[in-house]
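Asker: This is what each chain is made of:
There are 4 protein chains.
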Amino acid sequence: MSKTEPGAMMKVLLAIVALSLLPELAGAAKPYMEEVLTLEQAQDLVAGCESYSAKHELAALSMAVYDASGNLKFFARQDGAVFVTVEFAHIKGRTAAVSALATSELAEIEFADQTQPLGIRYLDHLTVIQGGVAVPSVSGQHLGGFGVSGAPAEHDEACGLAGVKNMLAPIK
Amino acid sequence: MSKTEPGAMMKVLLAIVALSLLPELAGAAKPYMEEVLTLEQAQDLVAGCESYSAKHELAALSMAVYDASGNLKFFARQDGAVFVTVEFAHIKGRTAAVSALATSELAEIEFADQTQPLGIRYLDHLTVIQGGVAVPSVSGQHLGGFGVSGAPAEHDEACGLAGVKNMLAPIK
Amino acid sequence: MSKTEPGAMMKVLLAIVALSLLPELAGAAKPYMEEVLTLEQAQDLVAGCESYSAKHELAALSMAVYDASGNLKFFARQDGAVFVTVEFAHIKGRTAAVSALATSELAEIEFADQTQPLGIRYLDHLTVIQGGVAVPSVSGQHLGGFGVSGAPAEHDEACGLAGVKNMLAPIK
Amino acid sequence: MSKTEPGAMMKVLLAIVALSLLPELAGAAKPYMEEVLTLEQAQDLVAGCESYSAKHELAALSMAVYDASGNLKFFARQDGAVFVTVEFAHIKGRTAAVSALATSELAEIEFADQTQPLGIRYLDHLTVIQGGVAVPSVSGQHLGGFGVSGAPAEHDEACGLAGVKNMLAPIK
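Chains as they are written, first to last, in the working numbering: chain G, 1 to 172; chain C, 1 to 172; chain W, 1 to 172; chain Y, 1 to 172.
The following block holds chain G by itself, in its conformation from the complex (with noise of 0.2 angstroms):
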């Protein structure tokens, strides 16, 4: 995307910067770490969830995989999917990732009393849709959203924890 490689100086700038504060350096807190998800991780999910999807001869998938933060890491359309799957696994796989729930878990949250559904599916880029599940890592820590469309919504949502179970354990 540029000229230069940014990656390259900014650690460069960044070590000058650290060095020239080191004195003061001494005292100060250790750094605030966070789990993040991996390619390799997403890529596990995946795979996961397309060995689920050819036990069960499920249509065509889109499978959209999400860091924490909302961000896109990682996605896959099969070879004669519907076009839609698309949006639907990438609102499914962002929705999961950035409400550390399941799609179907908020589903149960919006219709709690169903005279008054709270309106959370009405709000841009979120979806009650099942078939987005949470990411979590073995310790415990949640790290993204998996999000699966092209199945009927409970085979997609099966074919999400199928994924989830292969990255946490996977099998190599």
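Read the hints as simulated data drawn from the structure, not as lab findings.
Treat the hints with care, since some could be wrong.
With a straight-line cut-off of 35 angstroms between C-alpha atoms, the simulated DSBU-like cross-links for lysine-lysine are [stated by the list, open to error]:
#, chain 1, residue 1, chain 2, residue 2
1, G, 165, C, 30
2, Y, 165, Y, 30
3, C, 165, G, 55
4, G, 30, G, 165
5, W, 165, W, 30
6, W, 30, G, 55
7, Y, 30, C, 30
8, W, 165, W, 55
9, Y, 55, Y, 165
10, W, 165, C, 30
11, W, 55, C, 165
12, C, 55, W, 30
13, W, 55, Y, 165
14, C, 30, W, 55
15, C, 165, W, 30
16, C, 55, C, 165
17, C, 30, C, 165
18, W, 165, Y, 30
19, G, 55, G, 165
Using the hints provided, position chains C, W and Y relative to the given structure of chain G.
Answerer: Chains C, W and Y only, in chain G's frame:
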């Protein structure tokens, strides 16, 4: 996305419709076919780009593959990539997909008369920033676009072209 | 759109790339082909709808044909149609195209559990308003969507289906 | 789009209103009429463009006709056209329709002082890219705009003008 399986239901319905019309179809025109980008080809594009990136020790990348219709087919964001690369990879890939041109070729058109740039870059969802390449098939059909972001722009484009080369003759 | 002819230039470039790779291509996979909606088919859709409309003396219509990828192929607005029909015809046609379902079928999915509508109708560029129909080919492939607006919704849909019938066996 | 027929209902309502006002209307001003682009004229625009394109063996085109109010009237995408032509034909046609100028004339205004381009091309839904032409009636009224994309820009504009010529004196 749904409670029922639209793909299967639709196929049955369409088959019924088609069969009911069979006698009238004797003189029907032959179907119009076009070659379409596959998921395997999209994965080969990304694999070729990743090899190039590893060899040249580039910064972390986002890589977006679109089919010729402008629909997302495959996307991967490498660990550590800055988030703006997501947007750049998408718009570069989409532009190359729908225009059948590299974004750098579109830049040449935009600035052919430097005193009167055309304004292509001001249109929504189009960019002339280097790093999106058109994806041809072995037989020379236009299949889609591949957008890369994260490295200096020349390397983004070289990554994309390495992807195309690998797709046309993958090392497996 | 450009000072040079991208289509022609691209074909030459692609041919050169393809030829230079020929020795390596001996084992390449066969191209993946899909049936694509033609302009003639789109015109037959609209002609069939116009006949139905004239026969039933419907109000002036807007009619929008999308291919399965969700890109507009053909559109016509009859004289005297109110302008909102432009928007309705587009969104109905697009929805049917990308979902491979009639918008009335999508409405059944949306309201399968009337106490918990899914929220499909709140998503951008999708509608469950009757009057968009899926367009199959003679061989049962999904080719796109046809959206009609201007008449009562049942007639909009009937117009769309009359278009499909005419496309599959046009009276010429 | 609705359960009732707005056109018919509206006509009855208007008739009632008009009748109730009859005594007051004796000295009322004559209605203000405007000439409006018809669907037949729009089809003649496209037919003229298609003839020009066939004669000059141009690449596949998208063609968009807008009426003077900036609303789409007619659109056709020829088989094999790259998809970006859909976007360009629309914006060119809309710009010519609402400005009553060819997009190339708007470019002359934009760049009249080359050191200080006005910035028209930065505005949403306007372009100065050649290929959109204004559509006059036989009596010289401004009726709309016709946008063409897919060929080199000079040919796009020539196609549009061939369409206008055919509309004003169609060969039938």
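Asker: All hints are to be evaluated individually against the structure, with a verdict given for each.
Answerer: Consistency of the hints with the structure:
1. 165(G) x 30(C): violated (47 angstroms)
2. 165(Y) x 30(Y): holds (33 angstroms)
3. 165(C) x 55(G): With a Cα-Cα distance of about 33 angstroms, the restraint between residue 165(C) and residue 55(G) holds, given a limit of 35 angstroms.
4. 30(G) x 165(G): Status holds; Cα separation ~33 angstroms.
5. 165(W) x 30(W): Roughly 34 angstroms between the alpha carbons, so the hint for residue 165(W) and residue 30(W) holds.
6. 30(W) x 55(G): Between residue 30(W) and residue 55(G) the Cα gap is close to 26 angstroms, so the pair holds against 35 angstroms.
7. 30(Y) x 30(C): Measuring from Cα to Cα gives roughly 57 angstroms; hence the hint is violated.
8. 165(W) x 55(W): With Cα atoms ~15 angstroms apart, residue 165(W) and residue 55(W) stay inside 35 angstroms; holds.
9. 55(Y) x 165(Y): holds (15 angstroms)
10. 165(W) x 30(C): holds (17 angstroms)
11. 55(W) x 165(C): violated (57 angstroms)
12. 55(C) x 30(W): Cα-Cα ~30 angstroms, so holds.
13. 55(W) x 165(Y): holds (33 angstroms)
14. 30(C) x 55(W): Given pair residue 30(C), residue 55(W) holds - Cα atoms ~30 angstroms apart, limit 35 angstroms.
15. 165(C) x 30(W): holds (17 angstroms)
16. 55(C) x 165(C): holds (15 angstroms)
17. 30(C) x 165(C): holds (34 angstroms)
18. 165(W) x 30(Y): violated (46 angstroms)
19. 55(G) x 165(G): Between residue 55(G) and residue 165(G) the Cα gap is close to 15 angstroms, so the pair holds against 35 angstroms.
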